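Start from chain A and add chain B according to the hints.
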Amino acid sequence: MAGSDLYTGSLDLLILKATSWGPAHGYAIGRWIRTSTREVLTVQEGALYPALHRLERKGFLEEEWGLTETNREAKFYKLTRAGRRHLQDELVRWRRYARMMTSALTAARP
Amino acid sequence: MKKTFHLSPGDEGASEDVRREIELHLELRAREFEAQGMSPEAARKAAADAFGDRGAIEAEVRHLRDDTVRTRGRREWVQELIQDARVALRGLRRTPGFTAVALLTLALGIGANSALFSVLRSVLLRPLPYPGSEELVQVWSDHRARGREQPEWLTPPDFVDWRDGNRTFAAMAAYQGWGPDFTGAGEPEALGGVAVSGNYFLVLGVGPALGRLLTMADDDAGSEPVVVLSDAVWRRRFGADPNILGKQLNLNGEPWTVVGVLPSGFQPPLQVAPELYRALRRPATSGCQRGCYVLRVIGRMRPGVTLEQAHADLSGVAARLAREYPATNARTGVWLVPLHEQITGPTREPLLALGAAVGFVLLIACVNLANLLLVRGAGRARELGVRAALGAGRGRLIRQLLTESTLLALVGGGLGLGLGIVGSSVLSSLVPVGVRRIQGIQVDGAVVGFTALLTVLSGALFGLLPALQTARSDLMSALKSGGRGAGNAGGRLRSGLVVVELAFAVVLLVGAGLLLRSFLLMQQVNLGYRSSGVAFVGIGLPRVRYPDGDRTLQAVDAVLTRLKGNPAIRSVEITDLPPLSQGDQDISAIPVGEPRRSDRPEGIWYRSVTPGYLSQMQMRLVAGRQFTPEDRRGSVEVGIINEEAARRFWPGKDPLGRVLAQGEDSGATRITIVGVVASARHDGPRQPYKVELFVPFAQAPSRGPNFVLEPARDLESAVSALRQALAEVDPLVPIASTDRIDDQVGTALALPRLYALLIGIFATAALLLAVLGVYGVMAYAVAQRQREIGVRLALGAAPSGIRRLVLSQAGKLALLGTGIGLLSALGVGKLIGSLLFGVSPVDTVTFIAVPLLLGGMAILASWLPARRAMRVDPLVAIREE
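Chains A and B are the protein sequences, given in the same order.
The opening position of the first sequence corresponds to residue 1 in our numbering, with each subsequent residue numbered one higher.
The opening position of the second sequence corresponds to residue 111 in our numbering, with each subsequent residue numbered one higher.
Okay, chain A solo, but in the shape it has when bound (with noise of 0.2 Å):
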């Protein structure tokens, strides 16, 4: 992804563990992902909206469409039963990637 220091995939986690609440429209989810990351990451915000789309067409989120709290019409990204299967996976290896990798960086001069 153009701009981007994100690990590989770790985008559509981002995108997925924000809708794991209930639906969210675009906007919402790349200010969830902003401030959650405390703004290190540089994403250019645009990226946001293939990959959203491109997890619709994975079928692990839907589209509804539905009003913002300001009562503009918008179109909200739900996840589905797979792609909460899906973030379910990904988190177990997240972790297990995070930790091994830790383990390595940090250790002791053998």
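For the record, the hints were derived by calculation from the structure and aren't laboratory data.
Quick caveat, the model's predicted, so the values are computed rather than measured.
Note that the Cβ used here is the ideal one computed from N, Cα and C, for glycine as well.
Among these hints, one or two may not hold up.
[Claimed, not checked] Covered, in the sense of this in silico footprint (three residues per stretch, anywhere, with C-beta under 8 Å from a C-beta of chain B), are these stretches of chain A: (1) 20-28; (2) 44-50; (3) 53-62; (4) 65-78.
Okay, now just chain B, sitting in the frame of chain A:
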């Protein structure tokens, strides 16, 4: 959160959605920057900067979105299909009776069709297994101008003239039978061979598997005697010896060198596959001259030449020969038959007739299923109404109904294919062995494809009409009226379908009736000779050791003398040509001293027999005497003719003592008639009487005699007694054939019996289906009109009147269907004309019996519904609404 539905956005909507989504993002993001203290202008710019290349992103998302919509459409379609299939399956399982009947009907209908198609395709549709086979024709002499209805072979000189005088044939090959005795290596054996002109294999386009085949050089009179083996005999008799080439075989006491072996796949266009081939080696000027018809001829027309052009060309040659040799070639024409037709011709009509019959059965089955589905659909009007009210579109409902019928068709078609594969081998027996061997009947991709097509067509045929009808009927009113049905239009449609069904059934029944009556008549035909209890054992005496009649007679007499008094044999006689043996032989015959008449036959079919033969065969002598041992070589040549010959040669006169001459000149053999025997059908029950002559075997001995054995106990011991006697007389002569007359008669009747049986089965199926259809429609009509009937009864109508009402409605359908069917059946006779025997295509018995049978069955089928109508309780019927 309020939700709105966006159902299947189109392209326009999709890109608009994407634009709106991004717009919203930028706007909300700008507001965020504003909240941090930026000016609205700067905030908008910051938001846009943070977003990135909007144009590219929008395009990418749009692309992704289109994709998503497409896949989702497909997925939904599949999901709906699965859902429909599930619903259909549930529905079918809920009505196991209906499902079983439908599947069985379809499986039988489709199975019969695919089985018959496998035979039809192999035999009639596929070209012969020779390269450029459409250029091959069988060439015959045409003697119809002489009153001979069958095609005649060619004479050797005519063959040479036709071959060399034409401009339309690339090549012409001749062949004739050859039955050499193979000795010198184990048990002597009579092999089946054929003598062919050197270009025979070239004309058929076959090459050798081993060594070489025959060439024109082998045809020269002085060339080396060489033979080519068939793959079968090479394996059977010579153990597939790879060093067979150059070996010498002792055939008829002469050494013949093996020069080649044919490939295993080669099937010559002959009824019986020969085991070995030799060259004709017949110089045009030897022995057999004009008037001596011994050669069979196959020609290969030049590319692009039509049968008519070839015929006109050869006819020119024949006309020239007729002028040059009027004595032998006058009224001799050319008869060309495409080789494919020559081989498969006799099977064509029965196969097409059976094909039409099974087609009709499937049509009837489909009509019946359509009817069943209509009734089912009408019964489900309420259910469908509910679904329509819940938002299912009409198209969706039609799809649902079609899914059900397609499901039925697919399962039925699958079962049908299985049945077809089984049935194909059974139906193969419809085809004579020779044709079956050459054309090779099998179930292949085309048959599977045909079955698939048939399945789809059947599904559409019986599914579409009911689906449209059911979905068209006013579902809302159906809902209101409590599912009382699809209205009058549906009733008319169902009645129409039943009429169609009945008409088809009548056509089939008429066909079956005609064939059945033909078969029964054929069975009752008096052949004119005994049809059981004797067997014909044929031997062939090689020309080398039996060069003349005396030697031949001597040997046959020696065998007969040894068998006299043998306890295994009740009687033994000789004939050179058993009845029903496919062969025939004729000589020219002129009644001496009779005025020339145009309707008089020019020749007579003859058999040479020993004195006791006619009484052994239980042929009735109507005048004169039998042959005696005194009718021998050197004494007056005598003959016994049949009644047909007496009538045709000497109409109104007593033929006894009169003379038949074998030619015009004074030196021709003259035969004095001493007896008249009742006419017999030597070529089978279907053939008309021919003019026939019997001569004493002693005066016309044959090197191919058949011992006619009447066993005292069993045939085996009689044959082994004969074998022993033969070995004592000549250990090198093998027994060539053993045929029981019972089997021969059975074979002659086997095909007609099979045709009658099959058509009978199909017609019975059609009858049952049609009657079932009548029952279904009447039962449903009564159920639908329960209220009306109830009201009528309540108003004082007599129950018997109600019954009459129902029966008359059924009667009307039956009358209409039968009428249409009978009219169509008039054409059936034409289609199966050549299969009929002794009955007219408009046979009165059949044309009266069929409508009576069908009408009776239809009335019977509506009796039950009629009775139910009579017993309708007015109170219950009216209250039910």
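| task | Against the structure, test the hints numbered earlier, and report the numbers of the ones violated in rising order. | result | none
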